[in-house]
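Engineer: These are the residues of each chain, in order.
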Amino acid sequence: METYYHPGDLGKFAEMGKGNKELWEKFTSYYNAVFAEGALTEREKALIALAVSHAVQCPYCIDSYTQACLEKGSNVEEMTEAVHVACAIRGGASLVHGVQMRNVAQKLSM
Amino acid sequence: MSETKLSLKARGSVLTSENEQLRILSEIKGCPPFEAPMGRIGLDPLYATGISIFQMNLGKLCNQACRHCHVDAAPDRREMMTRETAEACIDALAQTDIPTVDITGGAPELNPHFRWVVAAARALGRHVIDRCNLSVLLLPSQADLAAFLADHQVEIIASLPYYRPAQTDAQRGEGIFEKSIAALRLLNQIGYGVEGSGLILNLVHNPVGAFLPPKQEAIEAQFRKELKLRYGVVFNRLYTITNMPISRFLEFLIETGNVGGYMERLANAFNPAAAAGVMCRYTLSVGWDGTLYDCDFNQMLDLPVDGGAPRHLSDFDPAALHHRRIVTGNHCYGCTAGAGSSCGGALT
Numbered sequence: 000m001e002t003y004y005h006p007g008d009l010g011k012f013a014e015m016g017k018g019n020k021e022l023w024e025k026f027t028s029y030y031n032a033v034f035a036e037g038a039l040t041e042r043e044k045a046l047i048a049l050a051v052s053h054a055v056q057c058p059y060c061i062d063s064y065t066q067a068c069l070e071k072g073s074n075v076e077e078m079t080e081a082v083h084v085a086c087a088i089r090g091g092a093s094l095v096h097g098v099q100m101r102n103v104a105q106k107l108s109m
Numbered sequence: 000m001s002e003t004k005l006s007l008k009a010r011g012s013v014l015t016s017e018n019e020q021l022r023i024l025s026e027i028k029g030c031p032p033f034e035a036p037m038g039r040i041g042l043d044p045l046y047a048t049g050i051s052i053f054q055m056n057l058g059k060l061c062n063q064a065c066r067h068c069h070v071d072a073a074p075d076r077r078e079m080m081t082r083e084t085a086e087a088c089i090d091a092l093a094q095t096d097i098p099t100v101d102i103t104g105g106a107p108e109l110n111p112h113f114r115w116v117v118a119a120a121r122a123l124g125r126h127v128i129d130r131c132n133l134s135v136l137l138l139p140s141q142a143d144l145a146a147f148l149a150d151h152q153v154e155i156i157a158s159l160p161y162y163r164p165a166q167t168d169a170q171r172g173e174g175i176f177e178k179s180i181a182a183l184r185l186l187n188q189i190g191y192g193v194e195g196s197g198l199i200l201n202l203v204h205n206p207v208g209a210f211l212p213p214k215q216e217a218i219e220a221q222f223r224k225e226l227k228l229r230y231g232v233v234f235n236r237l238y239t240i241t242n243m244p245i246s247r248f249l250e251f252l253i254e255t256g257n258v259g260g261y262m263e264r265l266a267n268a269f270n271p272a273a274a275a276g277v278m279c280r281y282t283l284s285v286g287w288d289g290t291l292y293d294c295d296f297n298q299m300l301d302l303p304v305d306g307g308a309p310r311h312l313s314d315f316d317p318a319a320l321h322h323r324r325i326v327t328g329n330h331c332y333g334c335t336a337g338a339g340s341s342c343g344g345a346l347t
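Residue numbers (numbering that gives the first Met the number 0), protein chains in the order written: chain F, 0 to 109; chain Z, 0 to 347.
A hint or two may mislead.
Cut-off 27 Å, straight-line C-alpha distance, at most; resulting in silico cross-link-like pairs (DSS-like, lysine-lysine) [what the hints assert, rightly or not]: (1) F:K17 x Z:K28; (2) F:K11 x Z:K224; (3) Z:K214 x Z:K224; (4) F:K44 x Z:K227.
Derived from the structure by calculation, the hints contain no laboratory data. All figures in this text were calculated on a predicted structure; none of them were measured in a lab.
This is chain Z alone, in the form it adopts within the complex (with noise of 0.2 Å):
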């Protein structure tokens, strides 16, 4: 089992490189092209119905470096959004009428610029959700975050994949069960995920390992109790997402033999009513470049968004984004499996 503390791209892995990465899917016996059974219920070419979230992706950065993550992220990447940047999303923003701006990383709190976009895109009356991975509420440099998150009335969507520290810490690192509990307590004193409080605190589940997530009700049934009656926690909704064949993910399946069966077991999971309701297309996910993309997997694997769209926010046009042809690949499998995946959780 590799040590992943540092990240593919400081570790010189083949992996690094987003075509090794497709290729690899791409030759995985057992796994048609995800083309196919999209052409069989209608879906391919798959395009965009509209943009309802504008997800920005504020960086590589983060204090963490889980097994999974898909963004390669990790305290040594140092890939990060400028302000000259950030200001460009908001005057596409403004632009528009997108209702949700979806800020993510790495820990996108880490970026310098992270309180003025929240500020900024919340002055042009949209909603904001930060993706956090809770452990950065307790660093020195962040005490202030979670006052500062319930001032602007931000929706925190936080990442939790098991109600128990065993398995969270063998995704998450050691000692990162026991933290997030510690920022989960401190985010439900200043009242997120208290009932009636309006500060909304979501759980992410994602399987510990080469399988599908469960049903996403049961698996927040479980959450619920088990969080409340061991640790007094409390939340407003679970979130299953389904780890993406690429990256950090892609690598444990590799080492651990389990590529071939892991893709197997989403294509053969295909569900249409999922692929009908894919994130990709509502969202427009934003790169820390600047670089346009149909989703944040797309933006990891260096697929920017494609049909004559524009390929870069100095070029942003809400019209020729809304209806652009989605980009699509192997790893999209991921998000049609079961019940379906996506940043929102379930789909089906």
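Okay, chain F solo, but in the shape it has when bound (with noise of 0.2 Å):
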């Protein structure tokens, strides 16, 4: 079937540095060096990345975080509520957008 994502695409991730070496090089420099253990955890950013990856609906990130917090010791309680986390604040930000819906609304209306 086509589709617009291929999961063997994820080990090819590296291509993208042929066309801007030096750019990819600074991307994975910083890369790395924001999930190194830090004032937060390796599992703890793992954990967050995992719910951005949710927020952000990247399905090659979800694999990749999904494998990386199990083998930072983290379990699917933990990653559950994680993504629960990613949905809370999907869904609050679509409500508190509603604030401006209300505010044209009362505008426009008698």
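From the two separate chains plus the hints, produce the assembled complex.
Structural biologist: This is the structure in structure tokens:
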């Protein structure tokens, strides 16, 4: 079946470096620094990444960070809660824009 | 999902054949022969650097039947080291200054000669490790086992894949987590794992699935916090061990469609530093029948020591074994991936 997404493409991610090596290296250097142990643990960062993966709806990131979370010692209960955090923020973000809707409606209405 | 209360052998699985396992592992796309990356770092062929661990596998009988067991141990297995072979092990040990005896199984404590082996190895002044599945300590027939181990200052290395019941039971059987915690409390009560007691209790974490283990220090801290908080249990160290793609874990990989992905993951995570320190370089592993192997995994794949070294205890020759050529295969990726894996945990 033709789809836009192919699971095998995740393994080809580094091919993006072929178009502009310098920018790719800057990106990977930054990316690796972001996920290194810091004020947050690698495990906590992987859980954040998993949640963000769902918020931005990137199937490659979901595959990658599901495995990363398991390999950093998280369990499915924790990972599910992380996804709920993403869901709550996404839902909340829509709802809070409802205030804008209400403001506009109020202005237009008698 | 297959029910693993019975061993592969009892179920007549094709994976009972070591050759079939080796064939499967050698034909996986995306996973080059193990000798290829080893050759690139100058470690093919791989040679032993000496022997500091004398590992004795006392047999395949176990009171558990864990889904990842590389031994295919289970209550139905009857292979067991005889007293004669156990005595030959101690005689061989006495010819050397190998400092550590690592006793494994199955559940090694269920071998009727287990306590004799422990006492004899201790009498030779060697450090003794018991690889314990914890629940065996609760069997009525083993009521005095914990005290025996403490009396002989035996180090306990106990398997506990995760600090929550669901994951542990999924891998080791329904109700095993609860029994493991009861056994850990029993061990803590007599001083095991308690600072200053001299009684060492180390735990083993291995992933509950087809993925690599976390960093050892990170998951040790998690275990320490969670076990203390939830169950009041303490321990000394936690070792991470990668699931080896053989026997019942290989069955799991095949059944779940994970075998290719897992082997590719292991191969992609090949770590030269881990490869240089693999345990086979300093271990001699003795099978229940006295056959000699480079490690417990080669033992389960029926790959005895090679390169002219004696293959059985009856021909034991420490000098010939010290610098033997190690037998390798694609299963060895399990020890060289990521931070590396050994019976003593991560390698880097």
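Engineer: CA of K17 of chain F to CA of K28 of chain Z, is that 27 Å or under?
Structural biologist: 25 Å, holds
Engineer: Run the distance test for K44 of chain F versus K227 of chain Z: straight-line Cα separation, threshold 27 Å.
Structural biologist: 24 Å, holds
Engineer: Under the criterion that the straight-line Cα-Cα distance not exceed 27 Å, is the pair K11 of chain F, K224 of chain Z satisfied?
Structural biologist: 39 Å, violated
Engineer: Decide if the proposed pair is consistent with the structure: K214 of chain Z and K224 of chain Z, CA atoms, cutoff 27 Å inclusive.
Structural biologist: 16 Å, holds
In summary, the structure is inconsistent with hint 2 from the numbered list given earlier, while agreeing with all the others.
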